[in-house]
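Asker: With chain A held as given, fit chain B onto it using these hints.
Residue numbers (the numbering used here), protein chains in the order written: chain A, 1 to 432; chain B, 433 to 864.
These are calculated hints, taken from the structure and not from any lab test. Where a beta carbon is used, it is the ideal one built from N, C-alpha and C, also for glycine. Hints may be right or wrong, so weigh each one.
Claimed, not checked - Partial list, computed: chain B residues near chain A (C-beta under 10 Å):
# : residue
1 : Arg487
2 : Ile505
3 : Ala805
4 : Arg840
There are 2 protein chains.
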Amino acid sequence: MTGLYIRPGHIDLNQTKSMQTEIITIGDEILIGQIVDTNSAWIGQQIVEAGGEVRYITTIADKKEEIKHALDIASKRSDIVLITGGLGPTKDDVTKVSMAEHFGVELVNYPNVLAHIEKLFARKGRPLNDGNRSQAMLPENCTPLQNDLGTAPGMQFDEGNVRFVSMPGVPYEMKAIMEAHVLPFVRSKNSKVLRHVTTISANVPESELMKRLSGFESELPAHIKLAYLPHMNLVRLRLTGRGDDEIALEAELTGQQRKLMEVLGDVAIATEDIKLGQILGQELLKRNATMSIAESCTGGFASHLITQNSGSSAYYPGSVVTYSYDIKTSVLGVPSELLWQQGAVSEDVVKHMANRVRRQMNTDFGLAISGIAGPGGATKDKPVGTVWMAVCSNNETVTKCYHLKGNRQQNIERSSLLGLELLRKLVVASDS
Amino acid sequence: MTGLYIRPGHIDLNQTKSMQTEIITIGDEILIGQIVDTNSAWIGQQIVEAGGEVRYITTIADKKEEIKHALDIASKRSDIVLITGGLGPTKDDVTKVSMAEHFGVELVNYPNVLAHIEKLFARKGRPLNDGNRSQAMLPENCTPLQNDLGTAPGMQFDEGNVRFVSMPGVPYEMKAIMEAHVLPFVRSKNSKVLRHVTTISANVPESELMKRLSGFESELPAHIKLAYLPHMNLVRLRLTGRGDDEIALEAELTGQQRKLMEVLGDVAIATEDIKLGQILGQELLKRNATMSIAESCTGGFASHLITQNSGSSAYYPGSVVTYSYDIKTSVLGVPSELLWQQGAVSEDVVKHMANRVRRQMNTDFGLAISGIAGPGGATKDKPVGTVWMAVCSNNETVTKCYHLKGNRQQNIERSSLLGLELLRKLVVASDS
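Only chain A is shown next, with the shape it has when bound in the complex (with noise of 0.2 Å):
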């Protein structure tokens, strides 16, 4: 998850009144970096799709004061008010005291939230004690949510204009609530739609891109903007639009992403939000080919982003990681001399064992990757970062040496995702 990094915003959806949204997070654990908070990001994803406008996030401890704060602040800026976290006997169900504090009434107890927390005990065969039973206390001014997933029930108040929703940290108990009960809501609210559509551009800095597509960008309309999204060697060109009419939106927006192609030409690798190895699986079913791998320093990474995917198994049927010396001779035959020679980062060795895997697994193309991801086995010609990789077919073999200046992990990630591309140019090329 490192190397992602805060971006410059280029959207701004705010030319329609949407629901204005903060979601507040109790969690000591998000506050002293244990989790990383992934909950808010769903919720914040969800809510712009349901034509919401999420302005805060805010991460608290789970004390009483720090909530009662926190929803005096919210109350006071927002239209609604998503709060996870903080609920279930173990916390002594801190939200709910709070929330109740917050709005001046008592917990009262909701026979049907028991009646529920009962049956899910009975279900399970295990006996109701007292801590389970206080979960049916809620405050008095609020609509439980059924939570049909645990014992902790959401909670709905809304309080002169200003909706909050409580709902649990557990990610599948609070998706359940948000899609059940929060998400039509947002929708009811919004008159208009959004929409995306992604367009992925492969090899080309973000920073030359956006000079390539001033001109496609300044003749946007403006209830269309473009976002760029950048990660390794990849840029996602998100087109989001915000309309009346579905239909005419999308027709829109899919009449813009022709346009946009254009422009970009042969840089343009997709034109949907998939994955580099979903692209490369495209191209491959596209020409009914196989693919298989001979990892190094990827360590088995690369064939993880190839099998990741559902359906690999109709162009991928396997790879081998050599990473010793020995097993790059004894199981893909790279000759022994050529490898203390040149050394197993090498342009020789990553050709032989590309073109040894491609004949052993009896695939159309083959792909090697060999390299130093270090801390460690640096040598004097090769610092860390230095990869070799190599692809082929039948008739050609391409190769390619890379410097990385990443940490071992990015090294692995960066020199995996390489060379898939590497590997797709070929696979793309080998038509003409």
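Answerer: Using the frame of chain A, we list chain B on its own:
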């Protein structure tokens, strides 16, 4: 990163006064869930290590009004306010303009900062434009913090008793400024030292561990707390102590860890905070032993969990990923009849795979994993999530079948970790 959720906080370290820290993250991309806020998690960890306390993390849009609003709230409740993002020419330096307005001061040119920017551009041989030059214009009350890694300097402000530090959002630039300027300051304000000691347990669920450790936990002195951090089949048990004397505190924590280990018995698998792949690696190194892997459904990911660790070449020569039936036969010699009679996901097939890869790679131990990661590939008697694995030494083979319930990515990750754990047990048991 899914699957993590907000857990009850067992740590309450507010026993002594420490720097009350607030993190403000500026970035639309985080609000709309395009990226996950990993910067704040890193900052949180570092601040706690340095003896500070993180009380708020706030994410806002890169708009002047929002930034000023957040600064206003933060200045009233925090000792130190750490701001990331919103610096750099493409953002029109919205953060520094907002900070200048917050403090009621003008932007002025800082010649030293300009000289640094000019030097950076000269080194890259690129011309300087007005946008770059404007990065040397900073609020007149700030202390610029040199950014060796980029053109946007950090900025430090003191207002009353509150310190504000604004940093770029790019992680490595932010980290460099944190390490050079922020963390030494937080440490200097903290008379107490904070230390962690982690013990890792395997194969016992958190709720069961809590029961076993309730006696141990209740006898802990008030300045030492125990946190349960479960992930997959492991639970990290973290003892955190706060005290005046570093050496005395470390000795005390080591003593408590020894007690904890006695209660845990052979459920404890490591006494430091490392990954399962590293734990397995250490056990192999101790015995001067080696391992290899034959992967099917995990598709390279189990190998990655080994090779992501620096130094793994000492105990790991390689793997094969045999995704298709053909390759299982041609590369690993699994009898074709066996595959067609029992299926690739079967006890006999993983037995063959583990023993064959062990011999082929000439290692002391072998691991094989074959399963149905999903969503496709299920049969009537083998639903998605069925995973067979085998581990072997020269005189023993152990097999196990799991029924997992995650999505494809989770099943791949979980199978890989379960495979490493099964092998770790065999390695440890091989002494007797």
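Asker: Decide, hint by hint, whether the structure agrees.
Answerer: Going through the hints against the structure:
Checking Arg487 (chain B) against chain A by beta carbon gives a least distance of about 6 Å; that is within 10 Å, so the hint holds. Below 10 Å, beta-carbon pairs count as interface contacts, and Ile505 (chain B) has one with chain A at about 7 Å; its hint therefore holds. Hint on Ala805 (chain B) holds. Least Cβ distance to chain A is approximately 8 Å, under the 10 Å limit. The interface hint given for Arg840 (chain B) holds, since its Cβ lies 6 Å from the closest Cβ of chain A, which is under the 10 Å cut-off.
Consistency with the previously given hints is maintained throughout, with no hint failing.
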